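Residue numbers (my numbering), protein chains in the order written: chain R, 38 to 191; chain A, 259 to 620.
Derived from the structure by calculation, the hints contain no laboratory data. Do not take every clue at face value.
Derived CB-CB ranges, DEER-like [said to hold, decoys possible]:
#1 R:K165 - A:E304: 42 to 48 angstroms
#2 R:R122 - A:K467: 43 to 49 angstroms
#3 A:P269 - R:G87: 41 to 47 angstroms
#4 A:E308 - R:T47: 52 to 58 angstroms
#5 R:K155 - A:I429: 52 to 58 angstroms
Here are the simulated lysine-lysine pairs, PhoX-like style, with alpha carbons at most 25 angstroms apart [unchecked claim]:
#6 A:K574 - R:K126
#7 A:K305 - R:K113
#8 A:K574 - A:K305
#9 R:K64 - R:K53
#10 R:K92 - A:K544
#11 R:K42 - A:K518
#12 R:K126 - A:K544
Computed footprint of chain A on chain R; a stretch qualifies when at least three of its residues, placed anywhere within it, have a C-beta under 8 angstroms from a C-beta of chain A [what the hints assert, rightly or not]:
#13 96-102
#14 105-118
#15 168-175
Nothing here was measured: the structure is a model prediction, and the numbers come from that model. From the three backbone atoms N, C-alpha and C, an ideal C-beta is built for every residue, glycine too.
Residues per chain are reported as follows:
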Amino acid sequence: MGVFKLGGMTLKSLFKKAPTRRYPYEKREPFERTRGQIDMIDIHDCIFCGLCQRKCPADSIVVDRNESRWEYFPYKCVACDSCVRSCPKHDLKMMQERPSITTNAKESRVYELTPEEKEEKARREAEKKAQAAAKAAAAKAAKEARAKEDVPES
Amino acid sequence: MSKRTVIPFGPQHPVLPEPVHLDLVLEDERVVNAIPRIGYVHRGLEKLVEKRDYTQFVYVTERICGICSFGHSLGYSQCIEQLMGIEITDRAEYLRVIFHELSRIHSHLLWLGLLADGFGFEALFMHAWRLREQVLDIFEECTGGRVIFSACDVGGFRQEVSNETLKGIVIVLERLREEYRTIAKTLLDDSSVKSRMVGVGYLSHEQAKEYSMVGPFARASGLEVDERLLGVGAYGELSSFEPILSDQGDCYARCDVRVKEVLQSIDIINELVAKIPEGDVMVPVKGSPEKDAETMMTLEQPRGQAFYYAKGNGSKFLARMRIRTPTSQNIAGMVAALSGAELADVPMVILTIDPCISCTER
Ligand code: SF4
Ligand code: SF4
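Could you build all of it, start to finish, from the sequences and the hints given here?
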């Protein structure tokens, strides 16, 4: 009878530590590489390029460049790690904790700049643009001037 | 002649967690025909290539089946690499085969547990799954996922696994081998197991050949089919590889083949870990498959040969991705093995065939 042949092993298990755990009360330490969900490290470093959104196979990140807004849907995410790998600013991290049980699977986490920061950013961008435009205009003028100088000589 | 009755088997049935759906045509207690019905868990994954680009699709292929998830991502990645002419590093090839063989161990241990459970042999079921848990822990430690690893990607293997970790894996597997031998022997030597399985669900060598069967199911009927013989990837580096065959063709032979395959997989892993070269695991992938470029790839999954076909359309999206999984190839054989069986033996026959319905219906 098979039951008796397995007896040795079964007897041993009687005295060993149980291989199972009383799960919700007793949780196992996650491994270092365990993938649970992602999180934003610092929204101020994000350049809102949208690469993470484009790489995501589960459509669980929505980036709005104009609003400076980054939104993440943990219950859509399949924890594949491709957004973390693709971020040019290394601004995303993989966390070991899985999202907790919910009744609202559409729940999301939003990170966005405060209105002041947005203004500041817009101002800086406008400044940069103005500078770039001025530079371009100067370059154009210089080129034209050079072209004018060149004409009589030829 | 007695009257014929049709009894539905599944889609929900206690012996198999998967929705296998058969209509059994019975004459008294004997099955005269089994009509498979496919489509209960169809998810339209192949159609998704239109919406996900080729780097994202690897996550979709992984989700075809929970048990062969690594195999599917491996087959898909190899197929795309062949399509785009990417050559991956040797270390990545080795790691892929090591993890593929580990998932074969985990798949076969899962099957062994389910089979024991189907018998009512609860203790063996618990022990088999306890051993399987050790393999799942290896997966989680190395790749971060228990069932879906997201480890194999176009261009190589995503996570570097150090040589120390690999040696640790070998030690765990050696310990597992001893315990596994005990439980496998208990199952195979048991007189009640033998009396329920020997001669049941017989499929001859000729039939196996005629139905082009694949995997352990075919090998149990003495058909020498094993994609690992082709030596793709690191399989070519093995010093020797002999597929495990049996010529009995019944339920018992199928169990025997699968039980031995676990030990063979442990040997393969040991050999590859001893030989693994140093180097990078990932090569950068740029560009997209050319228009109308086509390619195909085959792979030995735990359940047999899987076939992958891909066609590029010049953009990041593939024109077509076709996957034929081992169980869809084995359905004809399953029907043949079932005809003539007693109704009470049907669960046993199905369990020893180990069909994967989610794979088949995709
Ligand atoms: S990829 Fe990085 S920088 Fe770009 S939007 Fe996403 S989080 Fe921000
Ligand atoms: S981990 Fe994967 S699924 Fe989750 S947000 Fe990042 S890319 Fe999307």
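Going down the list of hints, with the structure as the test:
One distance hint, 42 to 48 angstroms for the beta-carbon pair R:K165 and A:E304, holds here, with the actual separation near 47 angstroms. Judged by the Cβ atoms, the range 43 to 49 angstroms given for R:R122 and A:K467 holds: they are separated by roughly 46 angstroms. Against the hinted window of 41 to 47 angstroms, the Cβ-Cβ separation of A:P269 and R:G87 comes to about 42 angstroms, which satisfies the hint. As the Cβ distance of A:E308 to R:T47 is approximately 53 angstroms, the hint placing it in 52 to 58 angstroms holds.
Checking the proposed 52 to 58 angstroms range against R:K155 and A:I429 shows it holds: the Cβ atoms sit about 56 angstroms from each other. The suggested pairing of A:K574 with R:K126 holds, with an alpha-carbon distance near 24 angstroms, which does not exceed 25 angstroms. A C-alpha spacing of about 20 angstroms is found between A:K305 and R:K113, which places the hinted pair at or below 25 angstroms, so the restraint holds. Restraint check for A:K574 and A:K305: satisfied, since their Cα atoms lie roughly 15 angstroms apart, inside the 25 angstroms limit.
Our distance criterion of 25 angstroms between C-alpha atoms is met by R:K64 and R:K53, whose separation comes to about 19 angstroms. A threshold of 25 angstroms between alpha carbons decides the hint, and for R:K92 with A:K544 the separation of about 14 angstroms falls inside it, so the pair holds. Distance restraint check for R:K42 and A:K518: the Cα-Cα separation of roughly 19 angstroms lies within the 25 angstroms cut-off, and the hinted pair is therefore satisfied. The hinted pair formed by R:K126 and A:K544 meets the criterion: a straight-line CA distance of about 20 angstroms does not exceed 25 angstroms.
With a threshold of 8 angstroms between beta carbons, the proposed coverage of the segment 96-102 of chain R by chain A is violated, since 0 of its residues qualify and at least three are required. Closer than 8 angstroms: that is the beta-carbon criterion, and the segment 105-118 of chain R has 4 residues meeting it against chain A, so the requirement of 3 holds. Remark: the segment 168-175 of chain R is not confirmed as covered by chain A, as 0 of its residues place a Cβ nearer than 8 angstroms to a Cβ of that chain, below the required three.
Hints 13, 15 from the earlier list are contradicted by this structure; the remaining hints agree with it.
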